[in-house]
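Enquirer: Here is what each chain is made of, one letter per residue.
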Amino acid sequence: MASPMLELKNIVKVFNADTEDEKRAMDSINLTIEKGEFVTVIGSNGAGKSTLLNIIAGTLQPDEGSVTINNKDVTRIPDYKRASLLARVFQNTTMGTAGEMSIEENLCMAELRGKKRGLKWGVTKNRRSRYREILKTLELGLEDRLTQSVGLLSGGQRQSLTLLMATLIMPEMLLLDEHTAALDPKTAAKVIELTNTVVQENQLTTLMITHNMQQAIHYGNRMIMLHQGKIQLDIKGEEKAKLTVNDVVAKFSHTLKDEALLSN
Amino acid sequence: MLNIVPISLEQGLAYALAAIGIALAFRILSFPDLTVDGSFPLGGAVAARLIFEGANPVLASLAAIVAGFLAGCLTGFFATKFKINSLLSGILMMTMLYSINLRVMGRANIPLITTPTIFTPMENMEISRDIPVIAFFFLVVLLCKIGIDLFLHTEYGLAVRATGDNEQMIRSLGVNTDAATIFGLGLSNAFVALSGALIAQDQGFSDVGMGIGLIVAGLASIIIGEALIKPKTVFRLTLAVVVGSIVYRLIIAFGMRIGLAPTDLKLATGVMVVIALAVPALRSAKEKKMKLRGV
Chain C
542 MASPMLELKN IVKVFNADTE DEKRAMDSIN LTIEKGEFVT VIGSNGAGKS TLLNIIAGTL
602 QPDEGSVTIN NKDVTRIPDY KRASLLARVF QNTTMGTAGE MSIEENLCMA ELRGKKRGLK
662 WGVTKNRRSR YREILKTLEL GLEDRLTQSV GLLSGGQRQS LTLLMATLIM PEMLLLDEHT
722 AALDPKTAAK VIELTNTVVQ ENQLTTLMIT HNMQQAIHYG NRMIMLHQGK IQLDIKGEEK
782 AKLTVNDVVA KFSHTLKDEA LLSN
Chain E
164 MLNIVPISLE QGLAYALAAI GIALAFRILS FPDLTVDGSF PLGGAVAARL IFEGANPVLA
224 SLAAIVAGFL AGCLTGFFAT KFKINSLLSG ILMMTMLYSI NLRVMGRANI PLITTPTIFT
284 PMENMEISRD IPVIAFFFLV VLLCKIGIDL FLHTEYGLAV RATGDNEQMI RSLGVNTDAA
344 TIFGLGLSNA FVALSGALIA QDQGFSDVGM GIGLIVAGLA SIIIGEALIK PKTVFRLTLA
404 VVVGSIVYRL IIAFGMRIGL APTDLKLATG VMVVIALAVP ALRSAKEKKM KLRGV
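Residue numbers (my numbering), protein chains in the order written: chain C, 542 to 805; chain E, 164 to 458.
Rather than coming from a laboratory, the hints here were simulated on the basis of the structure.
Backbone N, C-alpha and C fix where the C-beta goes; we use that ideal spot for every residue, glycine too.
Do not rely on the hints blindly, as some may be mistaken.
[As the list claims (entries may be wrong)] Restraint ranges, calculated between C-beta atoms of paired labels, are given here:
#	chain 1	residue 1	chain 2	residue 2	range
1	E	Ser-447	C	Pro-726	27 to 37 Å
2	E	Pro-425	C	Asp-685	47 to 57 Å
3	C	Ala-558	E	Ser-447	40 to 50 Å
4	C	Lys-727	E	Ile-438	42 to 52 Å
5	C	Lys-727	E	Pro-195	35 to 45 Å
6	E	Leu-250	C	Lys-666	40 to 50 Å
7	C	Ala-558	E	Gln-331	20 to 30 Å
[Claimed, not checked] Below 30 Å or equal to it, Euclidean Cα-Cα: the simulated BS3-like pairs (lysine-lysine) are:
#	chain 1	residue 1	chain 2	residue 2
8	C	Lys-657	E	Lys-244
9	C	Lys-622	E	Lys-429
10	E	Lys-308	C	Lys-657
11	E	Lys-244	C	Lys-656
12	C	Lys-771	C	Lys-781
13	C	Lys-727	C	Lys-550
[What the hints assert, rightly or not] Derived, one-sided and incomplete: chain E residues facing chain C with beta-carbon distance under 8 Å:
#	residue
14	Ser-291
15	Asp-312
16	His-316
17	Thr-317
18	Gly-320
19	Leu-321
20	Ala-322
21	Arg-324
22	Ala-325
23	Asp-328
24	Gln-331
25	Met-332
26	Ile-333
27	Arg-334
With the rest of the complex left out, here is chain C (with noise of 0.2 Å):
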């Protein structure tokens, strides 16, 4: 079998060492993701989701434990500079892309991730025609407005924007943090089903965050489930396609305090 894509290896994190208020969000966990698998992670909040992914991302640094992508541990690397190996997709729509600047800046900044930046001029003729073209597949007429501050977008359409900033070069690997929660229902739907078909499309390695059970059922090809930052669940192939959420509900219902993970 061919090397993972990601390998976290004992990964700890304490927060609020020594204190009262001391958690460990990250509990010795381990986990290892194969190249073109698309993983659902779901959680109570304080679960350690978020965390899981800054780690990933680092954004934060675990205690103990190391990260390796693609071969490459990155544990002591600066978020920046995993910019090459992965792009991400935040909760907040504000959060993926700069609000002042226009569409067309933002999708050279994404065209332009973990590359090096140099006093050539930033959105060429050649990158605009190529940016209207791409931003037609969104259907979201936002080929007509290149030049607008994405300020003027709304959530809906922002994070289409960003899921395609984040697919315009190819990631190693796509890391989701609750992307659709802040939407309303049918923008989420559609924002949900816009990711499935980018994720299936380029057999792109992703790792989604989400608060919704349905969601992580009916989505990816595994399915794990945090609980006080260890991993209870994980399943996948077969086991994950006929999964429903009574199962879920059924087998760990006294973890699943929470309701919002319940609702929808």
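For this one, chain C is given, so just place chain E on it according to the hints.
Expert: Structure of chain E alone, referenced to chain C:
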């Protein structure tokens, strides 16, 4: 009354260079950099000392640009690498520059009346001094404005703008935002120092106190400019700043003409900025009240 126009135009353009630098820090990088009150006299000090020692005025002005760039970089270094609050980083740098500027000049004031400066050839022309000097400042400002416009549309320029707009996003796209902040502040203070160097030569002396209140005057210029020209793009922002700087100097000259003492200028400018900043807050407070009343 018309004779306030040439002097306002000259000063407005000369200070527009500083205002462009200030806008770069405050508006593009979203970094409230107070270094400028020190880097402006630094530019004047470096240029004046070198010219006084017999250096070529053009080279002396270039040296001032380099000095300003380094001062700005240092402020950025304090803020990003030592995680010192951005306002405090600027204040620290500004305070240290006061001593440095005195060291550079060797005294508090260097007169440049008898030594040839960048402006000497223009003074020897047959026409009124105003015309070539204003034309010179216009040209320098135009070059700087276009230069910064172009830079902010390059690949790295986009990254610098994004650093001020959404730091986490551009980091996740692979930009070292610490470096971008340091470089951006260096650039900002290079403009400010150039402004100081040229103004020292224009007025015929460099003084250690010539930067006091510059930041407030710069902000006033920016606010006035933005009110006149909506800064929807980088091009419009820099244009607004230049226009704002000229209008600000016109207002000041007019104020002095109707009897405002020069010593009251900083108070008047400060009040102007406070009012401009207060208006949106007061307006939204009023709207809130109206909403509560169901209007």
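Enquirer: Would you mind marking each hint as holding or not holding in the structure?
Expert: Now for the hints, and whether the structure bears them out:
For Ser-447/E and Pro-726/C, the Cβ-Cβ distance of about 31 Å falls inside the hinted range of 27 to 37 Å, so the restraint holds. Distance hint check: the CB atoms of Pro-425/E and Asp-685/C are about 54 Å apart, consistent with the given range 47 to 57 Å. The beta-carbon spacing between Ala-558/C and Ser-447/E, approximately 42 Å, falls within the hinted interval of 40 to 50 Å. The beta-carbon spacing between Lys-727/C and Ile-438/E, approximately 45 Å, falls within the hinted interval of 42 to 52 Å.
The hinted window of 35 to 45 Å between Lys-727/C and Pro-195/E holds, with their beta carbons roughly 41 Å apart. Restraint check, Leu-250/E to Lys-666/C: a C-beta distance of roughly 42 Å satisfies the suggested window 40 to 50 Å. Look at Ala-558/C against Gln-331/E: about 25 Å separates their beta carbons, and that is inside 20 to 30 Å. Proximity of Lys-657/C to Lys-244/E is assessed by CA-CA distance (about 22 Å); at most 30 Å being required, the pair is judged to hold.
Restraint check for Lys-622/C and Lys-429/E: the C-alpha separation of about 46 Å exceeds 30 Å, so the hint is violated. Between Lys-308/E and Lys-657/C the CA atoms are separated by roughly 26 Å; this keeps the pair inside 30 Å, and the hint holds. Of the pairs offered as hints, the one joining Lys-244/E and Lys-656/C holds, with about 23 Å between alpha carbons and a cut-off of 30 Å not exceeded. Only pairs whose Cα atoms come within 30 Å are accepted, and Lys-771/C paired with Lys-781/C is accepted, the gap being roughly 20 Å.
A distance of roughly 39 Å separates the Cα atoms of Lys-727/C and Lys-550/C; the hinted pair therefore is violated under the 30 Å criterion. With its C-beta approaching chain C no nearer than about 40 Å, Ser-291/E sits outside the 8 Å limit, and its interface hint is violated. Interface hint at Asp-312/E: violated, since its Cβ lies 12 Å from the closest Cβ of chain C, which is beyond the 8 Å cut-off. Hint status for His-316/E: holds, given a least beta-carbon distance of 5 Å to chain C, under 8 Å.
The closest approach between the C-beta of Thr-317/E and any C-beta of chain C is roughly 5 Å, which is under the 8 Å cut-off, so the hint is satisfied. Satisfaction of the interface hint for Gly-320/E is found here, the shortest Cβ-Cβ separation to chain C being roughly 7 Å, below the 8 Å cut-off. Of the supplied interface hints, the one on Leu-321/E holds, with its beta-carbon coming within about 5 Å of a beta-carbon of chain C, less than 8 Å. Hint status for Ala-322/E relative to chain C: holds, with the closest Cβ pair at about 5 Å, below 8 Å.
Interface hint status for Arg-324/E: upheld, as the beta-carbon distance to the closest one in chain C is roughly 6 Å, under 8 Å. Interface restraint check: Ala-325/E against chain C, minimum CB-CB distance 5 Å, threshold 8 Å, status holds. Of the supplied interface hints, the one on Asp-328/E holds, with its beta-carbon coming within about 4 Å of a beta-carbon of chain C, less than 8 Å. Taken as an interface hint, Gln-331/E checks out: its beta carbon lies about 6 Å from the nearest beta carbon of chain C, inside 8 Å.
The criterion of a C-beta within 8 Å of any C-beta in chain C is met by Met-332/E, whose closest approach is roughly 6 Å, and the hint holds. With a cut of 8 Å, the hint placing Ile-333/E at the interface with chain C holds, because the nearest CB-to-CB distance is about 7 Å. Interface restraint check for Arg-334/E: the shortest CB-CB distance to chain C comes to about 5 Å, inside 8 Å, so the restraint holds.
Consistency note: the structure conflicts with the earlier hints numbered 9, 13, 14 and 15.
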